[in-house]
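Chains as they are written, first to last, in this note's numbering: chain A, 1 to 126; chain B, 1 to 436.
By construction, these hints were calculated from the structure, which means they are not laboratory data. Among the hints, a few may not be true.
[Said to hold, decoys possible] Chain A regions said to be covered by chain B (calculated; three or more residues, Cβ under 8 angstroms):
(1) 7 to 17
(2) 44 to 50
(3) 61 to 75
[Unchecked claim] Example chain B residues on the side facing chain A (calculated, C-beta under 7 angstroms, incomplete):
(4) Ser144
(5) His150
(6) Ser151
(7) Ser154
(8) Leu156
(9) Ala157
(10) Asn175
(11) Asp177
(12) Gln179
[As the list claims (entries may be wrong)] Quick list of the computed label-pair ranges, beta carbon to beta carbon:
(13) Ile71/A - Leu352/B: 52 to 62 angstroms
(14) Gln176/B - Ala121/A: 45 to 55 angstroms
(15) Lys96/A - Ala187/B: 55 to 65 angstroms
(16) Arg75/A - Gln176/B: 35 to 45 angstroms
(17) Arg75/A - His89/B: 54 to 64 angstroms
(18) Arg117/A - Val189/B: 31 to 41 angstroms
(19) Asp316/B - Gly98/A: 50 to 60 angstroms
(20) Ala212/B - Arg75/A: 51 to 61 angstroms
(21) His134/B - Gly26/A: 37 to 47 angstroms
Predicted model only: the values in this text are computed from it and were never measured. Just so you know, even glycine gets a beta-carbon here, dropped at the ideal spot from N, CA and C.
Here is what each chain is made of, one letter per residue.
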Amino acid sequence: MSRHVLLVEDEPNITEAIRFLLMRDGWTVDAHSDGADAVDIICAARPDLVILDVMLPGKSGMEILRDLREIDELRAMPVLMLTARGQSRDRDMAEKAGVSRFMTKPFSNAEVLTAVRDLHAQATQS
Amino acid sequence: MARDTLTGSRIRERRSIAGLRQADLARQVGISASYLNLIEHNRRRIGGKLLVDIAQVLGVEPSMLTEGAEAALIATLREAAAGAGAPSHEADRVDEFAGRFPAWAEVLAWAHRRVGSLERTVETLSDRLTHDPHLAASLHEVLSTAAAIHSTASILAETGELEAEWRDRFHKNLNQDSQRLAESSKALVTYLDESQEGGDDPRGVPQEEVEALFASRGHHFEELEGGGTDIEGLIAGAPGLTSAAARQVAQVTLGIYARDAQAMPLTEFRAALAQSGLDPVALAAQFQTDLPSVLRRIATLPEGVGGAEAGLVVCDASGSILYRKAIPGFALPRHGDSCPLWPLFTALNRPLVPIRRRVSQLGRTAAEFDCMAVAVPQFMPDFDHDPVYRAFMLILPASGTEESRQDVQPVGSSCRVCPRGTCGARREPSILSEGF
């Protein structure tokens, strides 16, 4: 079964830690750090799951998420959003835009791993 | 009794509370004990500078010694009742409460004002946290770095067998991130310290601090009369101006006062007032200045106008009150929206047109006032830029004969505590049962 994650995050050391975690769990991990062309990259890669930072150079994670949900083929793609802004209105905004799971920084590795496994399981069942 | 006939009794009461003898108070304010005795028995009227001096010695606001203070107190208590959702039948008994327990009423009013002030501080800080791009970026940097450190450290601590290459890489990352966290935390603390100490971003309620300074001086600054310009010294000697923002607002407001004093020297201005009467337009022409300057100058005369205090309200184009000099009997809400029927706002709707209205503010005394208002551009008009207006309103106790009286416009202080039953300008129901 395919287990491919695309991580869109501009913080290189967070990227490295998450990449390590997921690779150890059997995932193929690709990473991208620029928001401007993130939608094109996701469209081309068609991963099983996207981990998306909110504050990105070029284009915010929130805009990227809205764009993804406009594309028929990507409407159901699981998106785990990571942000340093944990206010309820940011969470509301993300939920309205169609986020699958919302997680605030700093997060624990176990939380990320559990969220990725759960989201993938839900997507494959449906 | 008429509204100001009990001022002397209140002075006597306050003097007793302060534990002062009549002779001591009289000496401190430079009058004879027998004259103070006449005042305290309501046989001599009192106002202007003497009232301010006595209030200062007794440690109270001048308005506390007049019936207007009670009106202001009542208005504040009504605001407190509205805010707490008190039942209307209880809120209606506010006069009785203030009359029977004046000290407790003042405690409640003080607490209400304090809560309002703290709420505004919280709003300021919350707004800052949300909209200050520097603060948001700094916090994002700190949290992202903490996330990287936390994640990397967890891998090192929790992964049993870790390849040397990965381990070295994570150690290097930890070292980088810990340095970054130290730097970004330091930068954040420096930013917060600077904005508290000397930055241009206010953290408190600067206008209230400036207002308190003006009130404590009876809105008159002897140092700035006769060509005095030591504003810096005046600000340095005002410990109540706690923030850089408050000192900046004070600098601007005192600068305006100094310019007014220079344009209309006290002696000449008094003489002109005595000669031509209260005619701000004529006074503006005589001193070659503008109408707002004259209104401000009249409001800050130490002796008042015709022996009575004058009030002043200034607002910007959004209706936000920038300056308040209260007058007994005319309640000026400290927080929240004012009555849109005030001539101040009529002037905003008709820029550059002087507006004169006789108004009656509904309340226990229903006293009448003559208001003169005008709105002028805040800066020199320019092509391709819409003007932004600022409005000024002078408030004077009503005077004149019955024949010369204009129609009296009933106004309120703010909707929530206004008892007017039918008002097209009402924004929200009143908490007073007779109001809605």
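Violations among the numbered hints: 2, 3, 8, 9, 10, 12, 14, 15 and 19
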